[in-house]
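Colleague: Chain by chain, the residues run as shown.
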Amino acid sequence: MADTTGLLLDVRADVPGAVDRLFPVVYDELRQIARARLRDRSAGHTLDTSALVHEVYVRLVDATRVTWKDRSHFFALAARAMRFTLVDYARRRTAEKRGGGAVRVTLKDDLDGLAEERAADLVALDDALAGLAAVDARAAQVVECRFFGGLSVEETAEALETSERTVKRDWQKARLWLVRTMQEGAPS
Amino acid sequence: MASSADLWPAVSAALDAILDLQGEARGDALAALDPPVRAEVEALLALDGEADRVLGGSATDFADPLLRDLTDEIDQADADDEVGRRVGPYEVVGVLGRGGMGTVYRARRVDGTFDQTVALKLLRRGLDTDDLVARFRSERQILAALDHPSIARLYDGGKSNDGRPYFAMELVEGEPVTAWADRQRLGTGARLRLFATICDAVHHAHQRLVVHRDLKPSNVLVGGTPAAPVVKLLDFGIAKVLGSDGTDTPLTRTGHQLLTPEYAAPEQIEGDAITTATDVYGLGALLYELVAGERPFAEAGRRAIEEAVLSREPARPSTRASDHAPTHGTTADRLRKELAGDVDVICLKALRKEPERRYASAEALGDDIRRHLDGRPVDAQPDTLRYRARTFVRRNRGAVAAAAAIAALLAGLAGTASWAAVTTARQAEAVAEERDRAEGLADYLVGLLGEADPFQTSQQSVSVDGLIDRGIATIDEAFADDPLARARTLTAFGSIETRLGRFDRADSLLTLAESVLADVPGADVPVAVALGERGAYFAAAGDPVAADSVYRLALARATAGGQADPSVEGSLASGLGTALVYQGRYSAADSVFAQSLTLAQATGDTRATMTAYVNLAETAAYLSDTTRALRRTDDAVSLLDQAEIPPAVRGRTLFTLGTAMTLLERFDRAIALFQEAIEVQSGVLGPMHPDIATMRNNLGFALQNQPSPDLDGALAEFRTAYTIYASAPGDATRGLSPAEGNIGSVHADAGRLDSAAAAYRRAVRLAGDDPLDDAVGRHNLAGILRVQGRLPEAERQATRAVEVIRATVGNDHPYTAIIGMTLASVRAARDPAGALDEVREAVEATDAAFGEGHWRGAIARTHLSRTLLQTGDGAGARRLIGEIAPAVRQQWAPTNVYRVEFEQTVRSAR
Numbered sequence: 000m001a002d003t004t005g006l007l008l009d010v011r012a013d014v015p016g017a018v019d020r021l022f023p024v025v026y027d028e029l030r031q032i033a034r035a036r037l038r039d040r041s042a043g044h045t046l047d048t049s050a051l052v053h054e055v056y057v058r059l060v061d062a063t064r065v066t067w068k069d070r071s072h073f074f075a076l077a078a079r080a081m082r083f084t085l086v087d088y089a090r091r092r093t094a095e096k097r098g099g100g101a102v103r104v105t106l107k108d109d110l111d112g113l114a115e116e117r118a119a120d121l122v123a124l125d126d127a128l129a130g131l132a133a134v135d136a137r138a139a140q141v142v143e144c145r146f147f148g149g150l151s152v153e154e155t156a157e158a159l160e161t162s163e164r165t166v167k168r169d170w171q172k173a174r175l176w177l178v179r180t181m182q183e184g185a186p187s
Numbered sequence: 000m001a002s003s004a005d006l007w008p009a010v011s012a013a014l015d016a017i018l019d020l021q022g023e024a025r026g027d028a029l030a031a032l033d034p035p036v037r038a039e040v041e042a043l044l045a046l047d048g049e050a051d052r053v054l055g056g057s058a059t060d061f062a063d064p065l066l067r068d069l070t071d072e073i074d075q076a077d078a079d080d081e082v083g084r085r086v087g088p089y090e091v092v093g094v095l096g097r098g099g100m101g102t103v104y105r106a107r108r109v110d111g112t113f114d115q116t117v118a119l120k121l122l123r124r125g126l127d128t129d130d131l132v133a134r135f136r137s138e139r140q141i142l143a144a145l146d147h148p149s150i151a152r153l154y155d156g157g158k159s160n161d162g163r164p165y166f167a168m169e170l171v172e173g174e175p176v177t178a179w180a181d182r183q184r185l186g187t188g189a190r191l192r193l194f195a196t197i198c199d200a201v202h203h204a205h206q207r208l209v210v211h212r213d214l215k216p217s218n219v220l221v222g223g224t225p226a227a228p229v230v231k232l233l234d235f236g237i238a239k240v241l242g243s244d245g246t247d248t249p250l251t252r253t254g255h256q257l258l259t260p261e262y263a264a265p266e267q268i269e270g271d272a273i274t275t276a277t278d279v280y281g282l283g284a285l286l287y288e289l290v291a292g293e294r295p296f297a298e299a300g301r302r303a304i305e306e307a308v309l310s311r312e313p314a315r316p317s318t319r320a321s322d323h324a325p326t327h328g329t330t331a332d333r334l335r336k337e338l339a340g341d342v343d344v345i346c347l348k349a350l351r352k353e354p355e356r357r358y359a360s361a362e363a364l365g366d367d368i369r370r371h372l373d374g375r376p377v378d379a380q381p382d383t384l385r386y387r388a389r390t391f392v393r394r395n396r397g398a399v400a401a402a403a404a405i406a407a408l409l410a411g412l413a414g415t416a417s418w419a420a421v422t423t424a425r426q427a428e429a430v431a432e433e434r435d436r437a438e439g440l441a442d443y444l445v446g447l448l449g450e451a452d453p454f455q456t457s458q459q460s461v462s463v464d465g466l467i468d469r470g471i472a473t474i475d476e477a478f479a480d481d482p483l484a485r486a487r488t489l490t491a492f493g494s495i496e497t498r499l500g501r502f503d504r505a506d507s508l509l510t511l512a513e514s515v516l517a518d519v520p521g522a523d524v525p526v527a528v529a530l531g532e533r534g535a536y537f538a539a540a541g542d543p544v545a546a547d548s549v550y551r552l553a554l555a556r557a558t559a560g561g562q563a564d565p566s567v568e569g570s571l572a573s574g575l576g577t578a579l580v581y582q583g584r585y586s587a588a589d590s591v592f593a594q595s596l597t598l599a600q601a602t603g604d605t606r607a608t609m610t611a612y613v614n615l616a617e618t619a620a621y622l623s624d625t626t627r628a629l630r631r632t633d634d635a636v637s638l639l640d641q642a643e644i645p646p647a648v649r650g651r652t653l654f655t656l657g658t659a660m661t662l663l664e665r666f667d668r669a670i671a672l673f674q675e676a677i678e679v680q681s682g683v684l685g686p687m688h689p690d691i692a693t694m695r696n697n698l699g700f701a702l703q704n705q706p707s708p709d710l711d712g713a714l715a716e717f718r719t720a721y722t723i724y725a726s727a728p729g730d731a732t733r734g735l736s737p738a739e740g741n742i743g744s745v746h747a748d749a750g751r752l753d754s755a756a757a758a759y760r761r762a763v764r765l766a767g768d769d770p771l772d773d774a775v776g777r778h779n780l781a782g783i784l785r786v787q788g789r790l791p792e793a794e795r796q797a798t799r800a801v802e803v804i805r806a807t808v809g810n811d812h813p814y815t816a817i818i819g820m821t822l823a824s825v826r827a828a829r830d831p832a833g834a835l836d837e838v839r840e841a842v843e844a845t846d847a848a849f850g851e852g853h854w855r856g857a858i859a860r861t862h863l864s865r866t867l868l869q870t871g872d873g874a875g876a877r878r879l880i881g882e883i884a885p886a887v888r889q890q891w892a893p894t895n896v897y898r899v900e901f902e903q904t905v906r907s908a909r
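Protein chains in written order, with numbering that gives the first Met the number 0: chain A, 0 to 187; chain B, 0 to 909.
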């Protein structure tokens, strides 16, 4: 197993390629934990974004070797992994929907169409977020941390090395910008 | 999109400044911006609600419906993983199916005792919490208690190596009953025989107090040959053991979520008590699909299906079966004929919304099927006959109960209940008067007919029907030489028929009277009287516009030729005024009632004078002329105290005046008057008379709407009213819908959204074929659904309410304005910008119906202010709020759901 703690230290030290090496590890671990938590879900548990991200950290990183700033950087990566995980699944769902031909065994009928609707929303949100990153990269990162990673304002500020006030303001603005873009971008 | 990205630096900077500002400062800052930037900023600010919807929680919360599916995929993979493992003495061979709690496997006994293949149900991994384990055990115990050839048998059970409970059942080799029947090309007869067997198995379970609760084709497997089919009822996974009183307490939510809505009974959707009748409904749905090839409701989506189950009658199976004739081994025409009649009727009886109106047991349903198969008459009767039989009561409840429906409208509209209440009183009075007159007429006729037929008088009881039939039969003979008397008698009979709600008969009698009178010269007064009865006929039949013109014709005839009879003229004026009130034309009604007052005073008729005062007090109250309304009320009270008034009239008048006081918001006096009226009338009519229920409704309104509301007291009165209606003999649904509406309104005032929605939903269901109850119920329900955010259903309900109310009272009636406002508000919730014009128009219609400055206009403007805010016109919203806030706060108690919503709008607008 890769030395994730070492990779994380490399990220902080701006070692070239460190992020690219660390991210797949975080992503895989996150998916695995999410899967286990989803299984518990049948018994009535819900999936808690923030708890997931923290659990990935505890599992992958030796906390004695890193500083709190490293920890925040790791959270930001985990938040991105969370975004990828959810959006991947949402894209798969919408693709199946469009494909139509593929027979998918739905165990519980999505009678409300809510799953389809949310899948479409998530895909639209992901696209809008990419657009936001082009005009205001920090605001997009704030959304990733806050929404997908479940990070607190404080954790987000640490990860992005900015003030809490800026995080709050970016968050407020970005939310509005995103829903506007989602609405405008909707084909219907 | 490109433009918003280009503008972003400027917009972002503007937002930095503006987001911190409130109220006017924000407005000023906005005004200082460049127009394109300002437009963009305002558009963004308006999206705060949508941002909350999408980005208000965490990503996993938002993705939850999606993750639910992912969970299922994982569970399925887990189930596949079990194959090949040992569970107790069994080895898992394959997956048979998955239920809510457990997966069912095909398993083989491998402990060497004997060779046996079983269906093995194993609790899913991760589900082994205490209460789920307990429920799993309960299914095992239920199966152990059942012993029937058509129910899968329990073998044994225990715990798997990893501690999860399991049990082994008889393995059923078969396929869902509908699929099997189609594959075998079974005809209707064979399908019905199969169905009767299923009824037997369900009845067996019921005798052991087990309700299955989830009957559907996939839980009824059939194998064997068409000549000897083997039926097995499966999956008691959500079955329930009933208490000793045969009912279940309201369903647990867990049970609800596991339901299949296409087959769920209304009481399951609403969370009401589950009884064996719930399975009778499930059997009805199963029968429907088995014989027609379609499910009772074809709607798509859980909510749409649930709504249909709650509020729509399914189409007759025979009308939906034609596409499936080939799989039924017959032609479309023949299949339709086989189902039309008995099978349609049996199916729809099992599927009735009200549990008590279904078959009494699964056995009774099976028996009726067998009677049909044997060619004997079936027990089930089409609903329409029943409705026809109920027409008399329904029509005559006019003032008493239908008026209570109007009362519910007001209550549900969340303001004071007063105009409803007044209408109630006005109509109650009218009906009571009519009843008195009808009784007097009946007395006269008994005498008349008694003379004609001496044998009749010796009878202890003379049936009204027999009397009328006999009377009609003898009219021509008895009055052969006196066309005037003949016409009068025909008119009198027509009047009785109107009051009995038999409009066809009333119509032909009145037509006959009119044609007789047409040949009598100088008969202006009798013609006027006959026309007056025709007016009463239209008013009672629900056509106040026609009543209006006929009364005017009658008045013209009564005064033609200078031979006016003031008492006839006064009574016609009274009728015309009532017809005008029914149309909502209060000002016109007021002048007509003033005319009737003059006539009553001219004849010195104290009672007619008092009635005229009461009418005038009411119209003045409708017209918000408080001073005059109070004076007329005092006039009426003074006569009430002076005159020798019988208790029944005294009680009714007290009630009417209490209602006027309610309208004038003199709640303390209203409450005292209602209490006295109830006391007096209970002595006259008994405490369980429907009129008492009406009075309790209005007392409830007063308690609910006084400055310090007594909501518990109001709820108690409304519930008593409900009990009175529910215990009335004959028509069991009379008055129930408005009573439920009132109960819902108290819940709405107390801020209890779910309870309010449930009560209004029941009100819609109980409305039956009464258009006013139906429209009012849907209108109330739509309002609550909107606040709950259940917008598609809210729009459907509101749309239907508008259609019905338009068809019932026309476009210009105040109710149409109120309900139209509701529809506009629902549309605005879905699409604020798109519906803004509609909301403005609805506000204008409200002003037109009630006059500028009426509190209804303020209520209507709460919707407009919210919509303005959502479309980004914060300044417009604030201005409007400033105008209406005092009136709104006076109408709605602080806990009222719409008040709470309004205060939120006020806060957001700052």
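In short, the hints are calculated from the structure, not lab data.
Mixed in with the good hints there might be a few duds.
To be clear about the criterion: a stretch of chain A counts as covered by chain B if any three or more of its residues have a C-beta under 8 Å from a C-beta of chain B, and this derived list gives those stretches [stated by the list, open to error]: (1) 46 to 58; (2) 69 to 77; (3) 81 to 93; (4) 122 to 133; (5) 173 to 183.
Pulled from the structure, derived: some chain B residues nowhere near chain A, Cβ distances all over 12 Å [said to hold, decoys possible]: (6) L54; (7) G56; (8) A178; (9) P225.
Ideal Cβ positions, reconstructed from N, Cα and C, are used throughout, including at glycine.
Colleague: If a hint holds in the structure, say so; if it doesn't, say that too.
Modeller: Hints, verified against the model:
Evaluation of the coverage hint for the region 46 to 58 of chain A: fulfilled, as 5 residues show C-beta separations to chain B shorter than 8 Å, against a requirement of three. Counting residues of the region 69 to 77 of chain A whose beta carbon lies closer than 8 Å to any beta carbon of chain B gives 0, which falls below the threshold of three, so the coverage claim is violated. Closer than 8 Å: that is the beta-carbon criterion, and the region 81 to 93 of chain A has 6 residues meeting it against chain B, so the requirement of 3 holds. With 3 residues having a Cβ less than 8 Å from any Cβ of chain B, the region 122 to 133 of chain A passes the three-residue criterion, so the hint holds.
Check on the region 173 to 183 of chain A: 10 of its residues sit with their Cβ under 8 Å from a Cβ of chain B, so the three-residue criterion for coverage holds. A beta-carbon of chain A is positioned within 12 Å of the beta-carbon of B:L54; the least distance is around 5 Å. Taking the minimum C-beta to C-beta distance to chain A, about 9 Å, the non-interface status of B:G56 is violated against the 12 Å cut. For B:A178, the shortest C-beta to C-beta distance to chain A comes to about 17 Å, beyond the 12 Å cut-off, and the non-interface label holds.
Consistency note on B:P225: stated as away from chain A, and its beta-carbon is indeed over 12 Å from all of that chain's, at 30 Å minimum.
Checked against the numbered hints given earlier, this structure breaks hints 2, 6, 7; the rest are met.
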